[in-house]
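Chain V is fixed; fit chains A and G onto it per the hints.
Same order as they appear, the protein sequences are chains V, A and G.
Residue 36 is where the first sequence starts when you use the numbering used here, and the numbers rise one by one after that.
Residue 12 is where the second sequence starts when you use the numbering used here, and the numbers rise one by one after that.
Residue 502 is where the third sequence starts when you use the numbering used here, and the numbers rise one by one after that.
No wet-lab data here; the hints were simulated from the structure.
Every value quoted in this text rests on a predicted model; they were computed, and no experiment measured them.
Glycine included, C-beta positions come from ideal geometry on N, C-alpha and C.
Watch out, some of these pointers could steer you wrong.
[Stated by the list, open to error] If you want the footprint, here are the derived chain A segments under chain V, 3+ residues with CB under 8 Å: (1) 32-46; (2) 128-138.
[What the hints assert, rightly or not] The calculated label-pair distances, taken between Cβ atoms and stated as ranges, are: (3) G:Arg712 x V:Arg130: 46 to 54 Å; (4) G:Gly637 x V:Thr221: 22 to 30 Å; (5) V:Ser248 x A:Arg270: 21 to 29 Å; (6) V:Trp100 x A:Asn177: 36 to 44 Å; (7) G:Glu793 x A:Ala246: 58 to 66 Å; (8) G:Asn584 x A:His212: 24 to 32 Å.
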Amino acid sequence: MARILHMAALVALAIVVAFPVYWMIVMAMTPLGFSRQITTIIPTNLTFDNFASLVVERPMLRWLWNSTLVATLASGISLVIGLSCGYALSRLNFRGSYIVLVLVLASQMIPSTSILVPLYALFKDLGLLNTIQGVVIGHISLVLPLAIWMSKGFFDSLPEELEGAARLDGCSRLGALWFVAMPLVTPGLAAIFVYGFVTSWNDFLFPRHFVQSENLWTAAAGLTSFRGEYFTLFEPQMAASIIFALPVVVLFFFLQRRMVSGSLTGGVK
Amino acid sequence: MADLKIAGAPKRSLLASVRENLTDGPGFLWLMMTPPLLLLALVVGLPVAKAVMLSFDRVVLTRPKLAGDFTFHNYIRLFTDIDAWLAVLRSCLYMSGTVFGSIVLGLAAALLTRRIVRFRGLWRSIFILPWTMPAIVAAMVWGVMYDSNFGILNQLLRMLPFVDANVEWLLNKSIVLPALIVVQVWNEFPVAYIFFLAALHAIPEELYEAASVDGASPFQQFLFVTLPQIKYVLAVIVVLLLIFGFRAFPVIYLLTGGRTETLTVATFNAAFRAYDFSYAATLGVLAMFVSLALVLIYLHLTLRRGKADAAS
Amino acid sequence: MAEIRINRLRKAFNTFEVVHGIDIHIQDGEFCVFVGPSGCGKSTVLRMVAGLESVTSGEIVLGDRVINDLPPKDRDIAMVFQNYALYPHLSVADNIGFPLRMRGIDRTIIRKEVERVAEIIGLRDLLERHPRQLSGGQRQRVAMGRAIVRDPQAFLFDEPLSNLDAQLRVEMRTQIRELHQRIRTTTIYVTHDQVEAMTMADRIVVLKDGRVEQSGSPLEIYDRPANPFVARFIGSPSMNLFTGRLGEQGLVLKDGAVLPLVRPFGSHDEAVYGVRPEHLDIVEVGTPGSLEAVVAVVEPTGAETMIFARRDGQEITATFRTRPTVKAGERIALKPDTSAVHLFSGDARLN
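Chain V with its partners taken away, still in its complex shape (with noise of 0.2 Å):
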């Protein structure tokens, strides 16, 4: 009895859980303008029509390009600089290390908002509005600090000997991090790029603002356009978010291990 109820309240759970993407894709797949008629959960004549328009009547294709370079860019040139910070952070115990860790979190905390209003008003005077530069440097503020605090997670999870070890074998300090302890956090650089590669693709507030050109902006603006614009009609929304949300949803199932048990040591998305 005690089993059948548990089952009964986790299959409850579950489709509470997970009917918003159910609908979202259902949604996506009705026949524009008919979402509106649905008096039924489960669906009738399906279609692709909705995906097809996207890239046919909207720049979608261009949009989801601009992020992907936006997000390897911001997330890459995070990483490399993350790391050597990460890495500074876990193992050389100078003075005012513990500050410069608290900045570092404090910084990636920090409400997008209370970056958004400054860097337009610096952008507006250094010329960097309208440019994919202004958002790839917005995202790095975004990314940066994330990718510090993560590697220097992923670094502390090393035994420190290891590098002990290298120095007496012939290494600088500099060889033992490139020979011995960069090859052992590999998976975990890898996850620091997903993340850091998500947080830039999911933010639509720089790209939205910074950019006025509709053809410079990345997947994450376009697809607020369509709240507005189109806001009765359901189904290229649904469509366009399945689009964007697939590349992440896709990253996030693949380095699943990886991904959770990095938000456990780095604690945040």
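Showing chains A and G alone in chain V's frame:
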């Protein structure tokens, strides 16, 4: 000892000794820290400094003549601005709501799946799925579901015998905040779920065996075995979710178009609706202080625990 | 190979000093063991010799060079760590060859050297394995292989056997010793286990709280400990120590019992009287110069029989090669062998 060779100082080219210093000497710290600190100063330090400068200025795009003088105007305005404090209050409500909801839902899901053996991966994937959804997508999906006329929620509600009118989920001022909290909880409760699941798995099974031998009911087992063991994780999640809730912007902004003002939305509106960048920066600075405080609590919790772990 | 001289070496972390100006002189080819309780600074000294910890003041001399400020890679020292510190991503062969690879030595030569070393440590068949596929003892040997492959000036061992089980530990002890006899490289070996120190060392340095308590050959230290700490720390079971006042016949305990000395001492100061468990004899109750005690536990180990007796709240341990027929609860008298008595006053040895 005078005849001893002092090692490390043989004749070498300047370049080689600089290289040696950087890769294996005291200079290594500089090598590792200079680029990150420069970049951090550029992408975080500079905007923060600019925000502080703006907050003591009057940069209003519609009235350019005001700018240029050092002034406390914005801070004085902030202290008397009821809307701003209402926004802070709304942020607090939003934070508490999302923390409470995420913890209840996350803990429930973790307790329900902890001992499941069959389709374990499937159940976990289902409960992690909402977290993988970008906040924008969460907002879009729920926006469609919340739609007053055609949304599925109202369609389902209308099937009930005693409901005839549509609920204005996002327009009704007394419903909108809980409605937004539901979306945020749906999107972020998996964080709590993952933490709780890990914490639950770390509890030795013998504790439960001992408790049931001692005659503890399942509820008592939860109260006296489970809860004390996940206390620390609970505290960390609470702070973490508080931070998430405080930062929240996309869900609120996209679903209400900025009509429901939390501190983050108010910051945005001040800049991009009223074009008062100085006042927006002032609100932003206030938000920075709040997040700094939350971070310090988080660090206090985790680092102290880290030290205790290292000592034991 | 080279001698190691440590002169007035100090180490402070911020303002907290943990090593207080120690002097140790290790001869060329010597196997020197640093022993002491945890927190005594032995590992810190070792890490300073290795170059992994900076020197606050003083000098470390290897051969004829002061190596204080030399980075570890240029010191020509090899080290075996407590948890072996094998590179998890490299095979056994690559682990052993790593120091040579870092020195830019030709691949074919590395290959040959690795095989030579694998022969010495008996790991020929495991060269392609990864560390995680090895047992504790095998990992230990890989770590040693990596140390000997480049023929360094000195070996450092940091508690290398503490992660092994008891039997393996005894085995590895002999192997390390044999290896040293074969290649005769100056060695510093750090341990908290005094049995390891006694069995392996040419010379033992006993450390406590960042100071050298005594230094000498194992038997010197065993036979003539310089102070009560060394007396109790070295030897198992520990030496029996009695505190009392010096008198005409010997050392007078608080309850009036007298412990005999070879010759009377002039002073009447407070002193500590030490006698090792094997230097106690069972005599008839009432014999002058004996201590009465009640047997608490009798532990026959076969070769020896250990008796734990209690007297006035103090535990006395005695070991016998013979097999005395006493039982728990019995009252016995124990008489020290006066020629093997250690007498201390404060921190100094009197006899």
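Each hint tested on the structure:
{"no.": "1", "hint": "32-46", "in the structure": "holds (count 9)"}
{"no.": "2", "hint": "128-138", "in the structure": "holds (count 4)"}
{"no.": "3", "hint": "G:Arg712 x V:Arg130: 46 to 54 Å", "in the structure": "violated (29 Å)"}
{"no.": "4", "hint": "G:Gly637 x V:Thr221: 22 to 30 Å", "in the structure": "holds (27 Å)"}
{"no.": "5", "hint": "V:Ser248 x A:Arg270: 21 to 29 Å", "in the structure": "holds (28 Å)"}
{"no.": "6", "hint": "V:Trp100 x A:Asn177: 36 to 44 Å", "in the structure": "holds (41 Å)"}
{"no.": "7", "hint": "G:Glu793 x A:Ala246: 58 to 66 Å", "in the structure": "holds (60 Å)"}
{"no.": "8", "hint": "G:Asn584 x A:His212: 24 to 32 Å", "in the structure": "holds (26 Å)"}
Violated hints amount to a single one, hint 3; each of the other numbered hints is respected by the structure.
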